[in-house]
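Asks: Protein chains in written order, with the numbering used here: chain C, 1 to 118; chain B, 1 to 543.
Treat the hints with care, since some could be wrong.
Unchecked claim - Partial pick of chain C residues on the chain B-facing surface, computed with a CB cut under 7 Å:
id, residue
1, Thr5
2, Met6
3, Ser32
4, Tyr34
5, Ser35
6, Arg36
7, Asn55
8, Pro57
9, Cys91
10, Val97
Hints are computed from structural coordinates only; laboratory data are not their basis.
None of these values were measured; they are calculated from a predicted model.
Note that CB positions come from ideal geometry on N, CA and C, so glycine has one too.
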Amino acid sequence: MAQLTMLKEVVKSLFSKPSTEPLAEVEKGVFSPYSRGYPVLIPEKCTGCSLCAMNCPSNAITMKIVGEKNVGGRTLPVRRPEFNYFKCIYCGLCAQVCQFNAIEMRRELVILRPGSKC
Amino acid sequence: MGRSRIEDKAYTEPHSIVEVASKTLSSYPHLISVTAVHDEKEKSIELIYTFSDFRGALKNISTRIPEDKKTLPSIASVAPAASIYEQEVSELFGVTFDGNPFTGKRVLLPDCFPNNAHPLLRNVKQEDLEKVVAGCMLGEPQIYVTGSSRYSAESVILLPFGPYHPALKEPERFILVLEGETIVDVIPKIGHVHRGIEKIAEGRTFLQDLFLVERICGICSFIHSWIFTLAVEELLNVKPSKKAEYLRTVIAELERIHSHVLWIGLLGYWTGFESMFMWIWRLREKIMSLLDLLTGNRVHKSFIAFGGVRKDVSDEKLNTVAKTIAEFEKDYKKLIDEIMSYEPLVERIKGIGMYNAEHAIRLGAVGPIIRATGVPYDMRKVEPYGVYDEIDFNVVTGKGGDVFNVTMVRIKEVLESINIIRQCIEKMPRNENPVPKTLVSGVVKEGEVVARTEAPRGELFYYVKAANSRNPHRVKIRTPTLANILLAADILKGYTLSDVPVIITSIDPCFSCMDRVLVVDKNRNNVFFVDFNKLRKESRRAR
Ligand code: SF4
Ligand code: SF4
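In isolation and in its complexed conformation, chain B is listed as follows:
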């Protein structure tokens, strides 16, 4: 579970994709991803649209376009979330989606990137790309300006927020369109930490990729290696032992606690409550030392292996985990009680960044963001992997989307994770060897697999294709932040500048994960480019 081989793709003609997609959406309302796969032998590009209902069923719709005529209609009109996913494919593969609101814009790749270079095509070599990118750094940054007639030129101010800003922990740019102090439009310009991991993955063995994908994120690193392992285990047809499954679950839940607690601390930081930040991060050290104890590493655990885990964990260590977790729970409950009874904080986060379930579903949101509106969409329940089906736990939901509810969902999820870890340690089979006989993957037989897991930030999606070789043919990664960014940019509208850090943070954005991909705003009917010099001139004239 958590993964499945793609066996029954529904093939359709490119021109009828909109019709098929809108029919599919009525029973599978959540578009997970648009995956493109280049087949250099057949000289064609296959596009796989993966849809899900909210109960665990998946539907893969596939269509094929020839390499020399890469055009097909966009489904963004029926599934707004598709606009980002299509844009990603368009920049990386050179496919044109007719009717996509982003058409003609550069979202993910640098502005100076040549128009005819499409990095993920199989015949593009990594060395050539390195040359292109090296020459690219010299260009001046271009600034997107919305020329929408909704705003009169005198009344709006364009405020660049980032890429380097005290309120952003990672480089990312948001152009805020302000009318007075109120935000009327937001244009995210992302891609500052794009590392081309999907391309690199094609040039390395499956085993080496396991360590590569772990480095996508410095917070939720284990879940990336776990989902990749799930996919490769399905391709190799191996099964891990029960103890390995339990250990993986424990590590993943510890990681969820550390990620959520880190986020709660940052919420304090961004609302100006720095003692909260320090208290809660001190508490988090307990969890970090447990990760160190179990795996030997605090951040990038390098703990998982195809068919098991890399090393066994002694009973003594497990008892230490149980003890420390109990201490942590006590301190955590007390601290949260204190923090959440402090009215200035609660007042600050209540009722800002509001959205509802329908809004979240339409823009494809996942994780605590969608659960805060009451939709119980959690991969651990919907499609249990690891040992989640043997554990008794609840999916935490909120009463309506705003920063306060999102915070409460995360706070309660930490307690739920503690509960899961405790049960895992009780039920774990003790006399079993979780380490597989061989760690090396070798040649992997042909096949396509999709995998989904619940990362701390929401549903994570991988597509892995093997083609009888030591290296994967294609690895597609859709991280939760990418799914949530459209909603985050949308809910900023109507709030004031001082709310920006808090609202953007509420989705717990992890830009590095997302930046194998780029996104822009959605009201871009008439977005145009203004270069830096022109903007400077204009601003002088205005003075």
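Extracted from the complex, chain C is given alone in its bound form:
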């Protein structure tokens, strides 16, 4: 009896379509319809407060000096976050803690190489 039910399963498996997905299909779209995506900075909105870098769980954010600004007669450095996508765990916390919505979680699939910027 047990063998018979099992045989049924085997025959069914022979004629059903494979459970795995071909890679080419995956490459066409986004990684998964529900994935959080990867963080990308919108520089115009960022104030350089460093909140994202302080809270990033994997220390994937470094605050880089990108210029200078003049505040009340003193020159202060302007800082912007830079993401290391090889350290990032794609948790989306940086985008959530940013008070100015300066980080966007983007979902299009791109091939990341060392040093690549999005």
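Since chain C is already given, all that's left is putting chain B with the ligands on it; use the hints.
Replies: Structure of chain B with the ligands alone, referenced to chain C:
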């Protein structure tokens, strides 16, 4: 619930600890953990022994020893389970427990680790440890040999099983002492995936730690972040909304299903029934895609936040969960019927790896392992957290410990979890925002909290101490595999070599979780070290 602030520690003098422990054991028979906390200002180490009865009451016994004279008696003679927990403290803090069977052995840390370096002392810096460990890799592995006079030298064979072995999914070493084909002794040598997470946790903020503890295990990851959240919420005095509690419960139960189903598949794999493995893992994909749907991640969900969850879940998604779960239940029941009616499998797992309730309690076992013997010890009932107190479910128990009963307990627990998820989705408040206003934890006021939850593998225990700072002062983690490993090694004795993978698997070991800690066998009265070259020489001579 699920956690409590430590307010009423029973202080005792170090020399009377054995007496106090044995008195406590009569009403609190389950030793959960031995936690050490270094206080660099007071120059002392505090040891907290946490005991529980099986009904939800906890007893914390505390004792203090000075930093320069770190010796106290071992309680292993009255509570055998303490031997591992004490050994962990001894290697990480340099405390000597007089009378502990492991004394003088290296269990958790690499053999080449310097004797005077104790990683968890507060004044040891992480950078220094990195240097020590980097230099350490070069050493030759040492092999433990039991020189017990019970075996005559000619009749026994020492068989190293692991650290890399086709039957082990994670690196771990078991030295099997064989007489013919029968196992007479087992010496686990663990620590190959020790990552020092407790130390790392002290150097990061509470919020960052939430993501760190989630990475302790790749299977039961959510439950680690949940228990840590429970502890920190108690310290911060925040309460999550009802909807957040329901969502957490749903995710935790989905995780339990995926963990148990994964294990049932592996059981097929280890008994040589590979089609079973493939069928059931295909079914598991349904659950994985639900986790993806709800949280955005399949494995490390990053879903929980102090005071709630990271994002809301729409009604539409919840309906998809309800639908998929119903489909899963149908397929699962059918598949299990087919599998469990296949006699060769049932014959293979019945009556091997036998133990009884008393044995399991003595060695501190938890989870499905202890429930298989009929003890209804389940944290979801004993100390309900989340919304388990509003849900109607049963604690699954078995009729006696062996691989078959453990399997049946897990199979039925999956159905119970489906039942819980269904009720959660029905009862979930729909118009509520489960996302807290602020995610950042900031400075946490002084306090000590212990938390317990039911992970798929059994009772999980955390101790978190905050000291008015952004980082925790101490995070102590006791995973279920560590509590179960003594029993697993013990029940192997008397069975044959071919049973080893099946019996070891029956506890659903998760070595990575445990390996912030190490364990050795218990008959080690005369364990000694033999280095690799000597062993090689001996083996040549024997030929
Ligand atoms: S991205 Fe946001 S959080 Fe990060 S520095 Fe800019 S403003 Fe601050
Ligand atoms: S997504 Fe997470 S890990 Fe990545 S940079 Fe943002 S906070 Fe850091």
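Asks: Each hint needs a verdict: does it hold in this structure or not?
Replies: Hint by hint, here is what the structure shows:
no.: 1; hint: Thr5; in the structure: holds (5 Å)
no.: 2; hint: Met6; in the structure: holds (6 Å)
no.: 3; hint: Ser32; in the structure: holds (6 Å)
no.: 4; hint: Tyr34; in the structure: holds (5 Å)
no.: 5; hint: Ser35; in the structure: holds (6 Å)
no.: 6; hint: Arg36; in the structure: holds (4 Å)
no.: 7; hint: Asn55; in the structure: holds (6 Å)
no.: 8; hint: Pro57; in the structure: holds (3 Å)
no.: 9; hint: Cys91; in the structure: holds (4 Å)
no.: 10; hint: Val97; in the structure: holds (6 Å)
Every hint, counting from the list given before, is met by this structure.
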